[in-house]
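Put chain U on the given structure of chain A with help from the hints.
Protein chains in written order, with this note's numbering: chain A, 1 to 183; chain U, 1001 to 1181.
Certain hints may be false.
Computed footprint of chain U on chain A; a stretch qualifies when at least three of its residues, placed anywhere within it, have a C-beta under 8 Å from a C-beta of chain U [stated by the list, open to error]:
no.: 1; stretch: 4-18
no.: 2; stretch: 95-106
With beta-carbon atoms standing in for the labels, derived distance ranges [what the hints assert, rightly or not]:
no.: 3; chain 1: U; residue 1: R1092; chain 2: A; residue 2: D3; range: 28 to 38 Å
no.: 4; chain 1: A; residue 1: S106; chain 2: U; residue 2: S1048; range: 12 to 22 Å
no.: 5; chain 1: A; residue 1: S11; chain 2: U; residue 2: G1129; range: 39 to 49 Å
no.: 6; chain 1: U; residue 1: R1073; chain 2: A; residue 2: E147; range: 38 to 48 Å
no.: 7; chain 1: U; residue 1: R1163; chain 2: A; residue 2: D117; range: 45 to 55 Å
No lab work stands behind these hints, which were simulated from the structure alone.
Glycine included, each C-beta is placed from N, C-alpha and C at the ideal position.
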Amino acid sequence: MIDQRLREALSEAAQTARLHSIQPLRTPSKRPRPRVFLLVAIPTAIAIGVLVLVRLTPPPMEAATSGPPPRLSAFLCLKNDVFPRCKGRGEATIDERRRIEQVLRSLPQVASFKFEDQGEAYRNFRSKIVASADPQEREFLASVRPEEVPASFRVKVNAAADLAAVARAVEGLPGVANVVSGP
Amino acid sequence: MARLCHVEVELLSHGEPSARDRVDVAVLFADHHLGLVRLALLMVGDLSTAEDVVQDAFARTHAGRRRLRDPDRALAYVRSAVLNGCRSVLRRRSVAFRRPLPYEAPIWSAESAAMLSEDRREVLLALSGLPRRQREAIVLRYYFDLSHQEIAAAMGVGDSSVRSAITRGLAALGRQLGEDT
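Next comes chain A alone, as it looks inside the complex (with noise of 0.2 Å):
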């Protein structure tokens, strides 16, 4: 009799942390690293503007069927990122890419994703923007190196009204620079 009522009381206790209300689990940071600012701070700011192009300009769409689903992408930090979120911190880490896809395997708004990798990513740059770019562009476009394409999430959302509380959720993890509705 005190067992069941204990048994209840714990475990309606224990339901109040959900997996995607509670913080992820921050990996220890290593030893300061000596200040190369400089020296790295000059290759990035020309990096900055390219970045910052290539993540907001979203790869075109397939063809627009009717009623495609809606989605949306998160990228991943890469090493010496602009991105705020990414400031003082190295590339995404394998330990928080697990833990992204665990967030949205478990949301229940989230139909499907893929991850694609830096290697994908770059040949995806290459033959969606780089070759759709006009001339003068894609000259600039072209000197891009495959370790400034970040990886990313790609998502499928079930509905368009998703798609602010997907990003939400995936946002604050730690190793996501930004989130991008479209695909």
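Same frame as chain A, now just chain U:
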């Protein structure tokens, strides 16, 4: 370092456990994150403190994350890391005037945002008043459904202590909650 490597080679040459069987504590924490937070929540009473306890336990064990070799004991290891964290929070709280207060009202108080029913709160409050060992054993038994051996491993005590802690804890709860078992 050289010595460590040497030991490792020696262990490997004995055949087991192989390098593949080694357990990564970081992965284990990630896989059991929710469960560990819940365990801490039931021990310390509020979610923010619980999250901190798990994060701290993770940070502390992170350095040795690739050195845990026995997969059978890995889960017990992280559970006891979390239990240890809860113990120190509770110990610090119990020292008058120097206590880190909970961030939020504990789930068993009427002010808690968790909105549990009166009866649930009564049970949890009584539980929170039990001696530490009884409380831990009861949570591991009645929420996580662990066996006596698993509880003993997580708490770092013997089997029989677990049994008696549970029996006494249940009896005390029964008395407080006015049941005649």
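Verification of the supplied hints:
no.	hint	in the structure
1	4-18	holds (count 13)
2	95-106	holds (count 4)
3	R1092/U / D3/A: 28 to 38 Å	holds, 31 Å
4	S106/A / S1048/U: 12 to 22 Å	holds, 21 Å
5	S11/A / G1129/U: 39 to 49 Å	violated, 20 Å
6	R1073/U / E147/A: 38 to 48 Å	holds, 40 Å
7	R1163/U / D117/A: 45 to 55 Å	holds, 52 Å
Violation of the numbered hints given earlier is confined to hint 5; every other hint is satisfied by the structure.
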